[in-house]
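Line by line, the protein sequences are chains A and B. Numbering-wise, the first sequence is residues 132 to 246 according to the numbering used here. Numbering-wise, the second sequence is residues 862 to 974 according to the numbering used here.
Note that these hints are calculated values from the structure, not bench results. Hints are supplied without guarantee of correctness; some may be wrong.
Distance condition first, Cα-Cα at most 25 angstroms in a straight line; then the derived PhoX-like pairs of lysine-lysine [what the hints assert, rightly or not]:
#, chain 1, residue 1, chain 2, residue 2
1, A, Lys-188, B, Lys-864
2, A, Lys-175, A, Lys-140
3, A, Lys-175, B, Lys-864
4, B, Lys-913, B, Lys-930
5, A, Lys-145, A, Lys-175
6, B, Lys-913, B, Lys-864
Now the stretches of chain A that chain B is said to cover, found in silico as 3 or more residues with beta-carbon under 8 angstroms [to be verified]:
#, stretch
7, 167-177
8, 233-246
Virtual Cβ for every residue (Gly too), placed ideally from N, Cα, C.
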Amino acid sequence: NAGVTQTPKFRILKIGQSMTLQCTQDMNHNYMYWYRQDPGMGLKLIYYSVGAGITDKGEVPNGYNVSRSTTEDFPLRLELAAPSQTSVYFCASSPLRGRGYNEQFFGPGTRLTVL
Amino acid sequence: DAKTTQPPSMDCAEGRAANLPCNHSTISGNEYVYWYRQIHSQGPQYIIHGLKNNETNEMASLIITEDRKSSTLILPHATLRDTAVYYCIVRPPNNNAGNMLTFGGGTRLMVKP
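Here chain A stands alone, though its shape is the one from the complex:
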């Protein structure tokens, strides 16, 4: 299994541009999450999904949108990028039950800079 994969690894955006951060997991996990991590800080939850077609806001959802049309994919959309969205973005997934259901499995992250 590849686990959780994220693309791109790095991206520089200009203020006002839009982009989609991609996240895919091949473990058939029901739960998926998007976090952001600012320098020297812990992770903050942006959005999460408990299954295909179901999404909900986390702690810091403003400026972002998500969709979950399949179990595998959970893209994060930034509209009108702002410097405050400069951060490292992590996607994670976890199973509903069974082995590992207490764990979240994280991707390698996307480093985004907005200038």
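For chain A, the structure is supplied; the task is to place chain B on it using the hints.
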């Protein structure tokens, strides 16, 4: 979810045990203690979790006090690769929010040769 308090940083000599403390004095009866770590520039990695009893796996041991108000993560023989930020998180097993995790500042463990 209950809040946790961890020291911001700790040092440990290579080969010695690293003992990372965590206070969670407002923990509820059904809340578990989870530990994750984040090696520089990587995504967090699950280490261990427990409810009341002490737990051990191939990575670490988790000691929870009898009153459950604090816990200690033990890395028995720290190596340079254990240098990371360690997060202690308290959460019920199913929190009706997709089992989300709330990360605090963590403890930055530096293992020195």
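Requested in this report: Find the hints from earlier in the document that the structure breaks and name them by number, from lowest to highest.
Outcome: No numbers; nothing is violated.
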